[in-house]
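> Chains as they are written, first to last, in the working numbering: chain C, 5 to 330; chain L, 5 to 330; chain X, 5 to 330.
Heads up, some of the hints might be wrong.
[Said to hold, decoys possible] With a straight-line cut-off of 30 Å between C-alpha atoms, the simulated DSS-like cross-links for lysine-lysine are:
#	chain 1	residue 1	chain 2	residue 2
1	X	309	C	126
2	X	309	C	78
3	C	78	X	78
[Stated by the list, open to error] Label-pair restraints from in silico Cβ distances:
#	chain 1	residue 1	chain 2	residue 2	range
4	X	50	C	297	47 to 55 Å
5	C	43	L	23	29 to 37 Å
6	X	218	L	297	30 to 38 Å
7	X	327	L	308	27 to 35 Å
8	L	308	X	50	36 to 44 Å
9	X	281	C	132	34 to 42 Å
10	X	42	L	49	24 to 32 Å
11	L	297	X	242	53 to 61 Å
12	X	175	C	43	55 to 63 Å
13	C	243	L	49	32 to 40 Å
14	L	281	X	126	29 to 37 Å
15	L	27	X	31	34 to 42 Å
16	X	49	C	228	52 to 60 Å
Don't read these hints as lab results, they were simulated from the structure.
Here a beta-carbon is modelled for each residue, glycine too, at the ideal position from N, C-alpha and C.
Residue-level listing of the chains:
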Amino acid sequence: MKHFDGFPHVMVSQQFSREWLEEEFFPLSDEMEKVFHGGGCDILKGKRMVSLFFQPSTRTKMSSEMAMDYLGGKVVFQTENAREFSSAAKGESFRDGIKVAARYRPDIINLRYDRQIALEVKAENDREVCDKIAAISDTPIINAGDRNPGQHPTQGLLDIRTIQNCQGGIDGKSIVMVGDLWSGRTVRSLCYQLGKFRHISIDFVSPKNLQMKDDVKDYLHRHGIPFTESTDLRKVVSECDVIYQTRTQTECGSSMDKKEGCFSINGEILSLLKKKDAIIMHPLPRGDEISEDVDNDPRAVYLTKQIDSGLVCRMALFTIIMGGKN
Amino acid sequence: MKHFDGFPHVMVSQQFSREWLEEEFFPLSDEMEKVFHGGGCDILKGKRMVSLFFQPSTRTKMSSEMAMDYLGGKVVFQTENAREFSSAAKGESFRDGIKVAARYRPDIINLRYDRQIALEVKAENDREVCDKIAAISDTPIINAGDRNPGQHPTQGLLDIRTIQNCQGGIDGKSIVMVGDLWSGRTVRSLCYQLGKFRHISIDFVSPKNLQMKDDVKDYLHRHGIPFTESTDLRKVVSECDVIYQTRTQTECGSSMDKKEGCFSINGEILSLLKKKDAIIMHPLPRGDEISEDVDNDPRAVYLTKQIDSGLVCRMALFTIIMGGKN
Amino acid sequence: MKHFDGFPHVMVSQQFSREWLEEEFFPLSDEMEKVFHGGGCDILKGKRMVSLFFQPSTRTKMSSEMAMDYLGGKVVFQTENAREFSSAAKGESFRDGIKVAARYRPDIINLRYDRQIALEVKAENDREVCDKIAAISDTPIINAGDRNPGQHPTQGLLDIRTIQNCQGGIDGKSIVMVGDLWSGRTVRSLCYQLGKFRHISIDFVSPKNLQMKDDVKDYLHRHGIPFTESTDLRKVVSECDVIYQTRTQTECGSSMDKKEGCFSINGEILSLLKKKDAIIMHPLPRGDEISEDVDNDPRAVYLTKQIDSGLVCRMALFTIIMGGKN
Chain C
5 MKHFDGFPHV MVSQQFSREW LEEEFFPLSD EMEKVFHGGG CDILKGKRMV SLFFQPSTRT
65 KMSSEMAMDY LGGKVVFQTE NAREFSSAAK GESFRDGIKV AARYRPDIIN LRYDRQIALE
125 VKAENDREVC DKIAAISDTP IINAGDRNPG QHPTQGLLDI RTIQNCQGGI DGKSIVMVGD
185 LWSGRTVRSL CYQLGKFRHI SIDFVSPKNL QMKDDVKDYL HRHGIPFTES TDLRKVVSEC
245 DVIYQTRTQT ECGSSMDKKE GCFSINGEIL SLLKKKDAII MHPLPRGDEI SEDVDNDPRA
305 VYLTKQIDSG LVCRMALFTI IMGGKN
Chain L
5 MKHFDGFPHV MVSQQFSREW LEEEFFPLSD EMEKVFHGGG CDILKGKRMV SLFFQPSTRT
65 KMSSEMAMDY LGGKVVFQTE NAREFSSAAK GESFRDGIKV AARYRPDIIN LRYDRQIALE
125 VKAENDREVC DKIAAISDTP IINAGDRNPG QHPTQGLLDI RTIQNCQGGI DGKSIVMVGD
185 LWSGRTVRSL CYQLGKFRHI SIDFVSPKNL QMKDDVKDYL HRHGIPFTES TDLRKVVSEC
245 DVIYQTRTQT ECGSSMDKKE GCFSINGEIL SLLKKKDAII MHPLPRGDEI SEDVDNDPRA
305 VYLTKQIDSG LVCRMALFTI IMGGKN
Chain X
5 MKHFDGFPHV MVSQQFSREW LEEEFFPLSD EMEKVFHGGG CDILKGKRMV SLFFQPSTRT
65 KMSSEMAMDY LGGKVVFQTE NAREFSSAAK GESFRDGIKV AARYRPDIIN LRYDRQIALE
125 VKAENDREVC DKIAAISDTP IINAGDRNPG QHPTQGLLDI RTIQNCQGGI DGKSIVMVGD
185 LWSGRTVRSL CYQLGKFRHI SIDFVSPKNL QMKDDVKDYL HRHGIPFTES TDLRKVVSEC
245 DVIYQTRTQT ECGSSMDKKE GCFSINGEIL SLLKKKDAII MHPLPRGDEI SEDVDNDPRA
305 VYLTKQIDSG LVCRMALFTI IMGGKN
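Looking at chain C on its own, in the form it has when it is part of the complex (with noise of 0.2 Å):
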């Protein structure tokens, strides 16, 4: 098996190629999805998960628990609790907390840290955080989000390969990415994603102090992507193949300059998004960004297929990290 940049650990969407997403995990997912249907295997019997939460996520935590389950693996600790784990300043509390969490030996810390990572470890870009990483734990460390702008590798996953099942492809693919894109860090994972496909078109919707951040708007400039920036979703979805609508960030403490119909999507919506096969996607929680009647228009995935792909492509990527052990 083709290992991914960085191996073991998972800290940005940047690390996956196409070629291994299309040769490696594509195919693996959906073998998972049989698993997952079947009602799990044992693949991992035997291997230990340490899940350290320091941001609330029942998704993420959910599916990442509930996958290392269907697998056969457990999960021999978990907290929710942040207090003493980021008590100290400046980052060595990270790097200490890492060490010993790996000192115990488990097969994989999921972690979703309340700071940037990328600070944390004083890594210079992106491509320089697994090294970092490397540099403290010999266990393989998932990034489970980071602080906001930040990025969530693994939910970069789930979207990329929803995208591929749902379209049966990701080239020449039109997205549009509406809401609060500046702090949004699954727009930001999955625009990464996106940057290794061809003729793919993004439209930006957000409102004007809450635009893409300028890394992954130079990342695209890089990889021949182009990009509109705009503030009426209206104006945009006609053509579209996927809607990715963003939540609020609240916790982050930045807020949406709502516009009634600019940056939501509503029956609207709906009746002007002219492809019948097209897609509709959040990360959840919703908050009354996407209203709920749209919740039975087929094209809507958020509650179905993408919940889907965040279990078994978590499935797919923790048999990858930690399958080959045994």
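For this one, chain C is given, so just place chains L and X on it according to the hints.
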């Protein structure tokens, strides 16, 4: 096996008929008491519980999760963290949260919610709640206590079974309920259980501003259960079979207007309680409403048989809900 | 196997005699280190731990729960939620909480309590605590750290075993303890361990207002252990075998009056520390009282051998307490 109304969801005490209690539930609970004392069994091997608690509850959560273990099942995800799940407005997140958790295909979801579930699902009345829940989730949902004044149906089951076992039957018993009856979901669920039995009489003792609510009193009227309302425990206790002392619901914002001896159990109450085989119950945790010296009276069951009942009743309920799947 | 005083409860360091440490505990801990590196065993298969933490503690909780897993046992319930359990006044809830948890018949209860357990059970002195606990619970209760100034006896065990293994023995060693000694339950538990050995000398270094309390100093006097008290680490460090640096107990409301270099370890202290085989210990988490460049000194064991000792000592202790039941 006969199913209860609203099967497999457990939302309110009204779902359980007298016939079901006596023919299915009480006998299975007694069997489960033997399984418990024998160290457990494997009847739910491979079954998965998700345990979502959005209000603190050491006792209900602990006994539910240990019940799964004694049956050979697993708790594959648990949280005591309310913040994210319940962040969004107006109940939409309730439906989303349940849908997402159910999508991962656990065998049961044990849910303590911090608002009233009936309101969240827009049920017009208690009987409609299970239908509304069923429209959201195929996975069995257990109401492990919703916001006061709501219900706590598994507590209602363990309480009615405690009376059954300690008193050798329920018909003809005289029950005193004392404390904050307005917001006490446990006394509410117990009243909805008692309404199914015959020749019951109930004395409600509470401050005037914390009297039992009309929905329960209407239900008792319809079922021919006489009750009194008064403000001094000492005056009603002499001939009763059961004293059910509720706790002060400080966590819910209401507080009891305490008067010396009127609403709490101490040596004086014990001396007034004539029946040798009467029992004293409390849902715990206790404040100072039962003084510590009462614990050693053989009639006090709140730290002994009532606790055991909590475990074995949940073992019985989970077996009924999940046991038939294998 | 010889039992320790107060068996099976673990409340204070005084329970463990030198003979028991040397004949039972140290050898079994060494065996457990091999079990750990071999990936685990099944000696506690079927055993159940309840893990109740009413103060944050990532390290103690993690190593205890992982110790159970490495032995084949299970953590059937865990909480980090202090609110309800400890809500009621004056210790009544402590007894109720323990009684309820014990009623579910786990094999061990691992408890971090946010008040002093001795006060909760009205023990007159340390030796009486186990008797008082035994009157509440047949189930073994582990004090995983009670409120400062209290004790942390499993930390005391891992610390004395770290000295034993790194130094090849304890008799004759010179130990410096530095930091907030008044509220440091770890240094307190370690002193109660050291009193059993011979030709020990201790230097306490702390701000005047955070000196070691009299109960510990009286104990050392009675056991013939000489100690000094001073306010500058640099002046006592040259000939010592062990520096035990405590953390600032900000969570407990006291703060250390820091003076440059007096109470913290840095390159200057390393250069003054003459013995090549001295060791530097810390209970973690660390703030800025040990600078990061000290980590790479071979004498620093707080992120390596001391961590390992935490896991294997708990494995040994749990085996002694539960292993005989099968």
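> A separate judgement is required for each hint: does it hold in the structure or not?
Right, here's what the structure says about each hint:
{"no.": "1", "hint": "X:309 to C:126", "in the structure": "holds, 26 Å"}
{"no.": "2", "hint": "X:309 to C:78", "in the structure": "holds, 25 Å"}
{"no.": "3", "hint": "C:78 to X:78", "in the structure": "holds, 11 Å"}
{"no.": "4", "hint": "X:50 to C:297: 47 to 55 Å", "in the structure": "holds, 52 Å"}
{"no.": "5", "hint": "C:43 to L:23: 29 to 37 Å", "in the structure": "holds, 34 Å"}
{"no.": "6", "hint": "X:218 to L:297: 30 to 38 Å", "in the structure": "holds, 35 Å"}
{"no.": "7", "hint": "X:327 to L:308: 27 to 35 Å", "in the structure": "holds, 29 Å"}
{"no.": "8", "hint": "L:308 to X:50: 36 to 44 Å", "in the structure": "violated, 25 Å"}
{"no.": "9", "hint": "X:281 to C:132: 34 to 42 Å", "in the structure": "holds, 37 Å"}
{"no.": "10", "hint": "X:42 to L:49: 24 to 32 Å", "in the structure": "holds, 27 Å"}
{"no.": "11", "hint": "L:297 to X:242: 53 to 61 Å", "in the structure": "holds, 60 Å"}
{"no.": "12", "hint": "X:175 to C:43: 55 to 63 Å", "in the structure": "holds, 59 Å"}
{"no.": "13", "hint": "C:243 to L:49: 32 to 40 Å", "in the structure": "violated, 52 Å"}
{"no.": "14", "hint": "L:281 to X:126: 29 to 37 Å", "in the structure": "holds, 32 Å"}
{"no.": "15", "hint": "L:27 to X:31: 34 to 42 Å", "in the structure": "violated, 58 Å"}
{"no.": "16", "hint": "X:49 to C:228: 52 to 60 Å", "in the structure": "holds, 58 Å"}
This entry does not satisfy hints 8, 13, 15, going by the numbered hints stated previously.
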